[in-house]
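Peer 1: Now for the letters of each chain:
Protein chains: 2
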Amino acid sequence: MPQFDLGAWSAARLALVEQCLSGWVVDDAPAGLGDAMRYAVLDGGKRLRPLLVLAASEALRGNEHAAMRAACAAELIHAYSLVHDDMPCMDNDVLRRGKPTVHVKFGQAQALLAGDALQALAFELLAPDDDKVPAAIQAALCRLLARAAGHEGMAGGQAIDLASVGLPLDEGQLREMHKRKTGALLQGSVLMGAACGGATGQARDALAQYGAAIGLAFQVVDDILDVTADSATLGKTAGKDAAQDKPTYVSLLGLERSRAHAQELLALALAALEASGLPDTRALQALARMVVNRDN
Amino acid sequence: MPQFDLGAWSAARLALVEQCLSGWVVDDAPAGLGDAMRYAVLDGGKRLRPLLVLAASEALRGNEHAAMRAACAAELIHAYSLVHDDMPCMDNDVLRRGKPTVHVKFGQAQALLAGDALQALAFELLAPDDDKVPAAIQAALCRLLARAAGHEGMAGGQAIDLASVGLPLDEGQLREMHKRKTGALLQGSVLMGAACGGATGQARDALAQYGAAIGLAFQVVDDILDVTADSATLGKTAGKDAAQDKPTYVSLLGLERSRAHAQELLALALAALEASGLPDTRALQALARMVVNRDN
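First to last, the protein sequences are chains A and B. For what it's worth, the working numbering labels the leading residue of the first sequence as 38, then goes sequentially. For what it's worth, the working numbering labels the leading residue of the second sequence as 38, then goes sequentially.
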């Protein structure tokens, strides 16, 4: 295999993702709602979830129309969760991606509605009224995204997060929280990509394992960066978990063991790809390394 | 045709709807989230949207599994919208269906998450991993519900509502707001029922017109009841539109012309059913009459 250039691979795909997001997140939504939705989604973010969808779909030569829709839908769910999570009744954060958060800029009511509308739009993207995406793929994508976003996934994880402030969680409880809060949508992105390629059996199971490992690794690294990076590098408020007395991997395991754990999870993710039987998983491998070795 | 008994028809279906909602809105969601979700959904509400889904599906002898899922999904979207709408940053209401609102009972953060999780659950219900509902129906239902709930529908209408406080809307603007805010999900419920029966052409168009007419009629009657009923009868705070200086049909047209307008919309709805070519639309007829003649 020739050397894989993640930068070039990502740049080509992100240009398309940005173009599609800009076209799909309309600015004609009424009464400022469109402005708030676009502000929440465009010009920011690592777009990790879209890249995972596209990489998984490409590994299976999946339906490209479906994959781009799923990529953008995953990003809309992520964006809505940040909007709601930043609100005063949740984390009360004023800085996100180096900009004022949505409720600071547009008011709390508009932020609430923009998040709600972004969630609906995510599902709308997955169920287009055309024949480029077979109904079976549309239905599978809606199923995967709904599970990843809902009470079994992201929303459930945030509820645990809320209830855990100031409590001493053990590693099992912390893992359970993060498996849902962050891991479910990252794994869901991989599984949506797999569904675009009709993955079954061994390949599907291996990609599920890969998604679970990088989903957890992402959060371990997030906890590390919350302690080691500054707000300018992160584009969001650093040190806020400690300030809010939230349990984290670093508070539980310490910095060094947290770093070692992230590397173990990377090894698990790469082993899963090895076991998948898929001929070319270089993009998925490179994304796993990026998740663990990123500095913001 | 024999006399149609809406009470008996509804009672039989609502028993099933309640049973399904209770089974599908899980109480094992973590950290109190399940309790907040169930509180928001169970033991309350007229269940008008489920009844519209089921009536439309029955008029077309539609897939019963799909129809029950769509019925419950529409109710979950309705329930989530009430939870978010009642929050302090929106309408700041403390009474709903005669009980404390969700954020009063569970806190704002949990209310926010419960609403978010209910929206995700609605789409999860529409895309089951079984063969009782064909993928084409699953995809069509997700498409219709997403459009009804999102920026073109309910969320967009609420944004207009927010932006309209204290402004003199004309009847066209008021209609546009309500068409989205309340009408889209009511019409969407009818269209989901139609999709369960594979409606096309004349029948589908007629049901769309029926749904649009009763959707608007519902809001006109809501505006009338806000002025004429008391809080105990409504199960929510009466007179709040006037207190919040929101434009309503009554403030625009006066009470008598608003009542006449509701009757005109009922006539439109019934004429659309007449034109549908469907052999038995008695449940849909009776529901339209109930929407217009209700006292809470």
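No lab work stands behind these hints: they were computed from the structure. Just so it is clear, the structure is predicted and the values come from calculations on it, not from any experiment. It is possible that some hints are incorrect.
Since the list gives no way to pick one copy over another, a pair counts as held whenever it fits inside one copy or between any two copies.
[As the list claims (entries may be wrong)] The list that follows gives simulated cross-link-like pairs (lysine to any residue, SDA-like), each with its CA atoms no further than 25 Å apart:
| no. | residue 1 | residue 2 |
| --- | --- | --- |
| 1 | K169 | D267 |
| 2 | K169 | R241 |
| 3 | K136 | Q239 |
| 4 | K142 | G203 |
| 5 | K216 | A68 |
| 6 | K216 | Q145 |
| 7 | K136 | A240 |
| 8 | K283 | D72 |
| 9 | K169 | T237 |
| 10 | K142 | L204 |
| 11 | K136 | S201 |
| 12 | K216 | P67 |
| 13 | K142 | A200 |
| 14 | K277 | D259 |
| 15 | K142 | M127 |
| 16 | K283 | D65 |
| 17 | K136 | A320 |
| 18 | K283 | P67 |
| 19 | K83 | D72 |
| 20 | K277 | R296 |
| 21 | K277 | G144 |
| 22 | K216 | A48 |
| 23 | K216 | E293 |
| 24 | K83 | H102 |
| 25 | K169 | G235 |
| 26 | K142 | Q281 |
| 27 | K283 | A68 |
| 28 | K277 | G235 |
| 29 | K216 | W61 |
Peer 1: Each hint: holds or not?
Peer 2: Hints and how they fare:
| no. | hint | in the structure |
| --- | --- | --- |
| 1 | K169 x D267 | neither (45 Å within a copy, 53 Å between copies) |
| 2 | K169 x R241 | both (23 Å within a copy, 23 Å between copies) |
| 3 | K136 x Q239 | neither (43 Å within a copy, 51 Å between copies) |
| 4 | K142 x G203 | between (30 Å within a copy, 22 Å between copies) |
| 5 | K216 x A68 | between (37 Å within a copy, 15 Å between copies) |
| 6 | K216 x Q145 | between (28 Å within a copy, 24 Å between copies) |
| 7 | K136 x A240 | neither (40 Å within a copy, 50 Å between copies) |
| 8 | K283 x D72 | between (33 Å within a copy, 23 Å between copies) |
| 9 | K169 x T237 | both (21 Å within a copy, 21 Å between copies) |
| 10 | K142 x L204 | between (33 Å within a copy, 22 Å between copies) |
| 11 | K136 x S201 | neither (28 Å within a copy, 28 Å between copies) |
| 12 | K216 x P67 | between (36 Å within a copy, 13 Å between copies) |
| 13 | K142 x A200 | between (28 Å within a copy, 15 Å between copies) |
| 14 | K277 x D259 | within (11 Å within a copy, 45 Å between copies) |
| 15 | K142 x M127 | both (17 Å within a copy, 16 Å between copies) |
| 16 | K283 x D65 | between (39 Å within a copy, 23 Å between copies) |
| 17 | K136 x A320 | neither (30 Å within a copy, 53 Å between copies) |
| 18 | K283 x P67 | between (38 Å within a copy, 17 Å between copies) |
| 19 | K83 x D72 | within (21 Å within a copy, 35 Å between copies) |
| 20 | K277 x R296 | within (19 Å within a copy, 55 Å between copies) |
| 21 | K277 x G144 | both (22 Å within a copy, 22 Å between copies) |
| 22 | K216 x A48 | neither (28 Å within a copy, 42 Å between copies) |
| 23 | K216 x E293 | within (21 Å within a copy, 57 Å between copies) |
| 24 | K83 x H102 | within (21 Å within a copy, 41 Å between copies) |
| 25 | K169 x G235 | both (15 Å within a copy, 20 Å between copies) |
| 26 | K142 x Q281 | both (23 Å within a copy, 24 Å between copies) |
| 27 | K283 x A68 | between (37 Å within a copy, 15 Å between copies) |
| 28 | K277 x G235 | neither (41 Å within a copy, 52 Å between copies) |
| 29 | K216 x W61 | between (29 Å within a copy, 22 Å between copies) |
This entry does not satisfy hints 1, 3, 7, 11, 17, 22 and 28, going by the numbered hints stated previously.
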